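Peer 1: Required output: the full structure, derived from the provided sequences and hints.
Sequence lines, in order, name chains G and R.
Letter by letter, the first sequence follows residues 1300 to 1415 of our numbering.
Letter by letter, the second sequence follows residues 1179 to 1288 of our numbering.
Any given hint might turn out to be false.
Claimed, not checked - Straight line, CA to CA, 20 Å or less: simulated SDA-like cross-link-like pairs of lysine to any residue: (1) G:Lys-1343 with R:Ile-1245; (2) R:Lys-1275 with G:Val-1414; (3) R:Lys-1248 with G:Glu-1403; (4) R:Lys-1283 with R:Asp-1249; (5) R:Lys-1275 with G:Thr-1385; (6) G:Lys-1343 with R:Phe-1273; (7) G:Lys-1343 with R:Val-1222; (8) G:Lys-1356 with R:Asp-1249; (9) G:Lys-1343 with R:Lys-1229; (10) R:Lys-1283 with G:Gly-1341; (11) R:Lys-1275 with G:Ala-1351; (12) R:Lys-1275 with G:Asn-1329; (13) R:Lys-1229 with R:Ile-1245; (14) G:Lys-1343 with G:Asn-1327; (15) G:Lys-1343 with G:Thr-1369; (16) G:Lys-1343 with R:Lys-1283; (17) R:Lys-1229 with G:Glu-1403; (18) G:Lys-1343 with G:Gln-1321; (19) R:Lys-1275 with G:Asn-1364; (20) R:Lys-1275 with G:Ser-1317; (21) G:Lys-1356 with R:Asn-1272; (22) R:Lys-1275 with G:Asn-1361; (23) G:Lys-1343 with R:Asn-1183; (24) R:Lys-1275 with G:Thr-1306; (25) R:Lys-1275 with G:Asn-1327.
Note that these hints are calculated values from the structure, not bench results.
Computed from a predicted structure; not experimentally measured.
The residues making up each chain are set out below.
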Amino acid sequence: NAGVTQTPKFRILKIGQSMTLQCTQDMNHNYMYWYRQDPGMGLKLIYYSVGAGITDKGEVPNGYNVSRSTTEDFPLRLELAAPSQTSVYFCASSSGVGGSGGNEQYFGPGTRLTVT
Amino acid sequence: GQQLNQSPQSMFIQEGEDVSMNCTSSSIFNTWLWYKQDPGEGPVLLIALYKAGELTSNGRLTAQFGITRKDSFLNISASIPSDVGIYFCAGRGNFNKFYFGSGTKLNVKP
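Peer 2: Encoded structure:
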């Protein structure tokens, strides 16, 4: 059971370039999330999804797009990279089922992105 | 968005000492979670709390879900060097969205 996996681990982008951060989970979780973590800060929610085909904005969605065509995958797209998007990006998943165990979130190892 | 205030921001303690950190929110939550993050890694779940007043332990860690549902605390007893890291609280709000505190950085001197 791999849990939540993310690729790549590191990436350097030039201003204006685009890229997709990949996230896959093998726990059959309904809910998936993308967060960014700036140095010395907590996690800010970018986008989340409650199931295949359904996505919604979080606290800081500007400059990002997502899609959820399958239960397992939740890629995050940066179209025109800006220095303000330099951060560590974490993907997470949750089953969303009520009661104990269903409301816990599990995280991937992160993607460290630098935009110069 | 919902605000979570986590304190203290950082702590420097001696090995063997007990540690306490807490989190308060402007809104009520249905679930409180505590995570630990090591450098270069994603957060790892330590304890999950589901009912107001609930007190749950995981080894040397104990956490409580406040009666008002707007706060939670985490205690670590008899700290050891591997406890070093950043501890985050998180609350689960509507639509299964999670909100995170800014973290407590724990340093343990051997």
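Peer 1: Now tell me, hint by hint, if it's right for this structure.
Peer 2: A quick look at each hint next to the structure:
1. G:Lys-1343 with R:Ile-1245: Violated: Lys-1343 of chain G and Ile-1245 of chain R sit about 26 Å apart, past 20 Å.
2. R:Lys-1275 with G:Val-1414: 28 Å, violated
3. R:Lys-1248 with G:Glu-1403: 18 Å, holds
4. R:Lys-1283 with R:Asp-1249: Cα-Cα ~19 Å, so holds.
5. R:Lys-1275 with G:Thr-1385: Violated. Lys-1275 of chain R to Thr-1385 of chain G sits at ~24 Å, over the 20 Å cutoff.
6. G:Lys-1343 with R:Phe-1273: 16 Å, holds
7. G:Lys-1343 with R:Val-1222: 16 Å, holds
8. G:Lys-1356 with R:Asp-1249: Roughly 26 Å between the alpha carbons, so the hint for Lys-1356 of chain G and Asp-1249 of chain R is violated.
9. G:Lys-1343 with R:Lys-1229: 25 Å, violated
10. R:Lys-1283 with G:Gly-1341: Given pair Lys-1283 of chain R, Gly-1341 of chain G holds - Cα atoms ~11 Å apart, limit 20 Å.
11. R:Lys-1275 with G:Ala-1351: 17 Å, holds
12. R:Lys-1275 with G:Asn-1329: 13 Å, holds
13. R:Lys-1229 with R:Ile-1245: 9 Å, holds
14. G:Lys-1343 with G:Asn-1327: Roughly 24 Å separates the two Cα atoms, so the pair is violated.
15. G:Lys-1343 with G:Thr-1369: 24 Å, violated
16. G:Lys-1343 with R:Lys-1283: Roughly 18 Å between the alpha carbons, so the hint for Lys-1343 of chain G and Lys-1283 of chain R holds.
17. R:Lys-1229 with G:Glu-1403: 14 Å, holds
18. G:Lys-1343 with G:Gln-1321: 18 Å, holds
19. R:Lys-1275 with G:Asn-1364: Holds, because 18 Å separates the two Cα atoms, which is no more than 20 Å.
20. R:Lys-1275 with G:Ser-1317: Roughly 27 Å between the alpha carbons, so the hint for Lys-1275 of chain R and Ser-1317 of chain G is violated.
21. G:Lys-1356 with R:Asn-1272: This hinted pair holds, its Cα atoms lying about 14 Å apart.
22. R:Lys-1275 with G:Asn-1361: Cα-Cα ~18 Å, so holds.
23. G:Lys-1343 with R:Asn-1183: Cα-Cα ~14 Å, so holds.
24. R:Lys-1275 with G:Thr-1306: 23 Å, violated
25. R:Lys-1275 with G:Asn-1327: Given pair Lys-1275 of chain R, Asn-1327 of chain G holds - Cα atoms ~18 Å apart, limit 20 Å.
Hint violations for this structure: numbers 1, 2, 5, 8, 9, 14, 15, 20, 24, all remaining hints satisfied.
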